[in-house]
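Undergrad: Sequence:
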Amino acid sequence: MSFYDVVLYGLIWAWFMLSAFYMTAFLFHEFGHRQVALHFGLQTKFRLLTYGMLMTIISLGRMALPGAVVVLGLDKISRKTGLCKAAGPLVNLIYGSILLLISYILPTVLYPLNYIIGYGAQFNFMLGLFNMIPVGILDGQNIWKWNKKVYISLIIPLAILLIITLSSISSTVYVPI
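Here the sequence shown is numbered in my numbering, starting from 1 and rising by one per residue.
Treat the hints with care, since some could be wrong.
Pairs of lysine-lysine, DSSO-like flavour, derived with a Cα cap of 27 Å [said to hold, decoys possible]:
1. Lys145 / Lys45
2. Lys80 / Lys149
3. Lys76 / Lys45
4. Lys149 / Lys76
Here are the simulated distance ranges between beta carbons [claimed, not checked]:
5. Ile98 / Lys145: 21 to 31 Å
6. Leu27 / Thr50: 11 to 21 Å
7. Ile133 / Ile98: 15 to 25 Å
8. Asp75 / Tyr104: 38 to 48 Å
9. Lys148 / Ser97: 19 to 29 Å
10. Leu42 / Val135: 17 to 27 Å
11. Val70 / Leu110: 39 to 49 Å
12. Asp75 / Ile105: 36 to 46 Å
13. Asp75 / Leu11: 40 to 50 Å
14. Ile105 / Met23: 16 to 26 Å
15. Leu106 / Gly136: 15 to 25 Å
16. Pro134 / Leu110: 16 to 26 Å
I should point out that these hints are in silico values taken from the structure, not numbers from a laboratory.
Glycine residues also receive a C-beta, built at the ideal position from the N, C-alpha and C atoms.
Whole structure, please, built from the sequences with the hints as guidance.
TA: In structure tokens, the structure reads:
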């Protein structure tokens, strides 16, 4: 086994881990919507988006956009709608926080692993923050119209944690506490 085989194996492993974190972030986000909707007795369907699935395949899993959960029976603006829409970014906030904590707890001898887990946390915060943009079909529009306090209580920690992960992971030396 040559040096290049070891490097290539490491890159394939890292790519696989990052893809797994991206896909779970997306799926957990969508399942968050689904679970809250089911709690309210609403029906849900997962819609596969042809363009999104194509982008997921072309990006080799680095961009997870295969579809979305559609909740049937939601009003335009109501508590039910707001809570269903807030569930996705909240799941990203919780999952990302857990990953960030794990990346800081892992000993530095596991350097590549804590770095990759940190990227998983970063992607969760990025996905949650992106979905909080109050436009179009994104979750943020309904949350903003329903309850501005809930909107702010989600967007501020997502933004702060994204900045923390961007500054920690992007630095030349990533040293967990």
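Undergrad: Now look at each hint and say whether the structure bears it out.
TA: Now the hints, each set against the structure:
1. Lys145 / Lys45: holds (24 Å)
2. Lys80 / Lys149: holds (16 Å)
3. Lys76 / Lys45: Between Lys76 and Lys45 the Cα gap is close to 18 Å, so the pair holds against 27 Å.
4. Lys149 / Lys76: Satisfied, since the Cα-Cα distance of roughly 18 Å is no more than 27 Å.
5. Ile98 / Lys145: 21 to 31 Å: holds (30 Å)
6. Leu27 / Thr50: 11 to 21 Å: holds (18 Å)
7. Ile133 / Ile98: 15 to 25 Å: For Ile133 and Ile98 the Cβ distance comes to about 24 Å; the hint holds.
8. Asp75 / Tyr104: 38 to 48 Å: The hint (38 to 48 Å, Cβ to Cβ) holds, given that Asp75 and Tyr104 are roughly 41 Å apart.
9. Lys148 / Ser97: 19 to 29 Å: holds (23 Å)
10. Leu42 / Val135: 17 to 27 Å: The hinted range 17 to 27 Å holds for Leu42 and Val135, with Cβ atoms some 24 Å apart.
11. Val70 / Leu110: 39 to 49 Å: holds (40 Å)
12. Asp75 / Ile105: 36 to 46 Å: Holds - the Cβ-Cβ distance for Asp75 and Ile105, about 43 Å, lies within 36 to 46 Å.
13. Asp75 / Leu11: 40 to 50 Å: Since Asp75 and Leu11 have Cβ atoms about 48 Å apart, the given range 40 to 50 Å holds.
14. Ile105 / Met23: 16 to 26 Å: Check passed, 23 Å falls within 16 to 26 Å.
15. Leu106 / Gly136: 15 to 25 Å: For Leu106 and Gly136 the Cβ distance comes to about 38 Å; the hint is violated.
16. Pro134 / Leu110: 16 to 26 Å: violated (39 Å)
In terms of the numbered hints stated before, the structure departs from hints 15, 16, listed from lowest to highest.
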